[in-house]
Amino acid sequence: MPGHTLKTEEYFITKEPYFQPVGEEVQVFEAAYRQQLPVLLKGPTGCGKTRFMEYMAWRLKRPLITVSCHDDLTASDLVGRFLIKGGETLWVDGPLTRAVRNGAICYLDEIVEARKDTTVVIHPLADDRRVLPMDKLGELVEAPPEFCLALSYNPGYQSVLKDLKQSTRQRFIALEFAYPVPELEVTIVVQETGVAPEQAAHLVKFANMTRNLKGNGLDEGASTRLLVHAAKLIRGGISPVTACHTAITQALTDDAEMLTAVNELSSSLF
Amino acid sequence: MSRAPLSVSAIQDLLDHCLEVEFSFIKTETPARHLARLPRADQDFILAWVKRLASTHIQLAYQFIERTISVLSALDKGIIEAWAVHAMDIYDRFGLRPALIVIQEVDDFMRQARERKQGTVLAQHARVLLHFLHGLSGRELKLEEGAQAYTDTESVFLPAVISTLETPAENFRIYKVMAAYFWAQNWFGTFRAPLMEFVTQQARPEEFQARFHRLETLRLEACLRRHLPGLYRDMQGVAQALGTAPLPLAWQEAASAVAQPGVDVYAVLRICAAQADRLPPCPPAFYQGAFSLEQVARVQAARLAQEKARFRHALYKLQSELARETAPPLVADAPEFRKQIPEPGAGEQLETMEITVDDKPVPVPENVKKLMTSIIQDLGDLPDEYLVPAGPGEYDPALLGEDAIDPDEVWRGTYHEEGAFLYDEWDYQRQHYHKNWCAVREKTLEPTYDGFVTTTLHKYHGVIKHLRRTFEALRDEDRLLKRQFYGDDVDIDALVEALADTHDGGEMSERLFTRMHRTERNIAVCLMVDMSGSTKGWINLAEREALILLAETLETLGDQYAIYGFSGMARKRCEIYKIKGFDEPYNELVRGRISAVEPKDYTRMGFAIRHLTQVLRAVEARTRILITLSDGKPDDYDSYRGRYGIEDTRRALIEARYAGIHPYCVTIDQEGRDYLPYMYGPAAFNVIDDVAKLPLKISDIYRRLTL
Ligand SMILES: Nc1ncnc2c1ncn2[C@@H]1O[C@H](COP(=O)(O)OP(=O)(O)OP(=O)(O)O)[C@@H](O)[C@H]1O
Ligand SMILES: [Mg+2]
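One line per chain: the protein sequences are A and B, in this order. With this note's numbering, the residue at position 17 of the first sequence is 17, and numbering never jumps. Position in the second sequence (from 1) plus 1000 gives the number in this note's numbering.
Some hints here could point you the wrong way.
Said to hold, decoys possible - Computed spacing ranges between beta-carbons, pair by pair: (1) B:V1008 x A:D254: 49 to 59 angstroms; (2) B:A1048 x A:T45: 49 to 59 angstroms; (3) B:E1497 x A:Y11: 36 to 46 angstroms; (4) A:Q36 x B:E1507: 42 to 52 angstroms.
Said to hold, decoys possible - Chain A stretches covered by chain B per the calculated footprint, using a threshold of three residues with CB under 8 angstroms from any CB of chain B: (5) 74–81; (6) 84–90; (7) 209–219; (8) 250–260.
Everything labelled a hint here was simulated from the structure, so no lab data went into it. Beta carbons are placed, not taken as given, at the ideal position from N, Cα and C, and that holds for glycine.
Please model the entire structure based on the sequences and the hints provided.
Next up, the structure:
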């Protein structure tokens, strides 16, 4: 089937994405959305932040524009820039501007990765002015009520230098994401992969063992995402111990002794 | 060609010198005569060790020769070396007497050494087993060597060597099963019952304890079978390899009774008391080790008091935080904490609890969660009196255990060097790492406020001015790049030109944009300053001056930097002196600490490189540099001399490079060219021929390094 090209601001998610709420995140996000408050999603990697945004976009019936931030991301990359075509200058909106104009949900993933001077362009959008100044055009774009700004941020592994500035974070409603309690995580793994519930329960138990090691030799424990990966391998006929080793353990560390220890843990479980 | 053996008198001279016979009145003639019969290589080997031991304690060295002579026939250099090192280590930890015992009981040591060869040594697997224990969840157990295998509810003690089965892999399996079993005692609540009391109340306490121990082990075995089926298979496998007999018939009924899910330690105690006559003595499971009930009671009582205080203090803090967050009207009455079990668990699975206020769960910090787990592990519950926040007056720092650890305190402790960082060291002869070999303590240098800084700034006044000017040009700056293919803005000049060109029928240029270019240096540099005894005098002065000048330069550049001094005396006294941390500004205090840099002990380098590698890794920077300022080869009073030290340092540098760090060395040792290329690589060092020039050159070297 040939790929079908769509402009992001015209792309509506039509099929309900599977999202398992862990707390009141859906209600809080909806309330914030109605009150036109921007939202900050905090949480470790692979705990369902992106999935949550897809789900909310579907629920609120708005297009979702996601920008993955990196350390070379400039303000122009977000807002827009001039191009030249046939001797004429031509302004091209950046993703943030397109989201504002179209009343979409704009999700800036891993915001701390962006350069500090980039982060400030979202400030006027994120307080009660809700406008996007476009200095180069000498214009202001007012955000319609449907527009929503969301950021994600992983407070865990970044260094102090990459902390989010107070002036930025204090503009947002913060939703904290954590790994779900075991029963829910089992449900997620089963739903996502169709693996047997007992297998999923073992995987979740294993994940929690690695999470016990966080800060004790591991920078981060296994995320729900890694569990889903391992479960998919198991569905594909790989033995649980091998699946855990390749999908989870190897992804967590390169330290030889830690690898051995974590493998001993998984072989104790299965 | 082998060299001729040393003569009796030559050996005696050497020994007399080493052992300070003038003062110690030790008789060296007999040992010298024995040694003289050996080939030269063996003589050198033994004499080298005598020397090293003598630097620790004369008596050790003397006893060493005596004993070595008795085992000369079985001369195995590896084992003798290990024996000597072990004795010095024991001396460091426990003093002369125990160390002498090690020397005297050489036969014991030889036997153990042979055992170690086939068996599995705890020290080699300690880290893996510790991670394994921590992964299993619950209170973070420590791992220690013990004559017997048991747990005191805070540490798991395992034997130093296991050589029961034939291969190291199989013996490791025994370690793993044991570790899991002692974890299970803690996790599945063996010590939730006051066992000491129970046992002493019995008519025949010893018999009762043995019976209970076996029966409780059967309960835990069933728990492990349910929770860690893979481990249970390991257990079975080992039992089979050991040829373990099946459980006596008389025990089987009781065994299946305690194997039921939901059976707790109290039920086991009941069965044990009720069936006293029906349960004859039964051989222990291979992994069950010992009970140390008295120790458990002591450790547990101390912990309970401490954790209760800490938990209530944590609630007190939580309370004040909540008060700050909620709107004023709610502050009137303090929040009432309650506990809640989110989902009723399956009985033996430890309950996770939530703390609630007004039926809403409150987020508790990670350390408080751990505290809660530990309390529930002890009591099976979070009793109501724990949920009362501590009053402002109830603050007992001793119970809270919050008083900072004084690095010097550590020497009063024994094996587990609390407050010290442990680093491996590379032994090139054995081609493996000594695990956790160096105990490294980070201390902060006490500042000295003498006239040194003023004098230096005055002395180098002109140089500093020049440095500032040169280095300013290297600073971070934003530059506008013109005529770019892409960019943030249109380059109007270029556009006008281009339009004119097209007008004239020419081709239109595509370079029509301006782009802001940030030259970010983004460098973090850590200076590692040799504070060994040999830097005394001119070298030390030059080092301090160099530090002042370099700091001035770095301030101009805006690079992130840290300064640490290092020195050490044997592997247990490795010291790192913080002069300026990455997060500290360059101020009076830091200048005072630079003034205070003074010669201390020896130059053990590996640990310093390893430690500062960690420090550097924790800072955010694109380029990380580690610059060593030194005056000579790695050297320490134990075996760190010569090739050993060079090889370990080289290894530490390889590890640093592997961690993305660029090491560089500036030395005043004229012989540096002989060994530095081997350690740092052909281009990563600079030998300064005149100490006095170090301060002048250092900035320039740095500039070239980071251009
Ligand atoms: N609550 C949840 N409901 C459904 N699926 C989930 C949930 N949490 C995690 N997952 C699963 O985990 C995977 C990873 O989640 P997601 O990509 O949303 O993580 P993330 O938080 O955005 O991570 P990152 O910070 O690395 O971008 C999802 O693809 C999904 O399979
Ligand atoms: Mg994501």
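Hints and how they fare:
no.: 1; hint: B:V1008 x A:D254: 49 to 59 angstroms; verdict: 56 angstroms, holds
no.: 2; hint: B:A1048 x A:T45: 49 to 59 angstroms; verdict: 53 angstroms, holds
no.: 3; hint: B:E1497 x A:Y11: 36 to 46 angstroms; verdict: 41 angstroms, holds
no.: 4; hint: A:Q36 x B:E1507: 42 to 52 angstroms; verdict: 50 angstroms, holds
no.: 5; hint: 74–81; verdict: holds (count 4)
no.: 6; hint: 84–90; verdict: holds (count 3)
no.: 7; hint: 209–219; verdict: holds (count 6)
no.: 8; hint: 250–260; verdict: holds (count 3)
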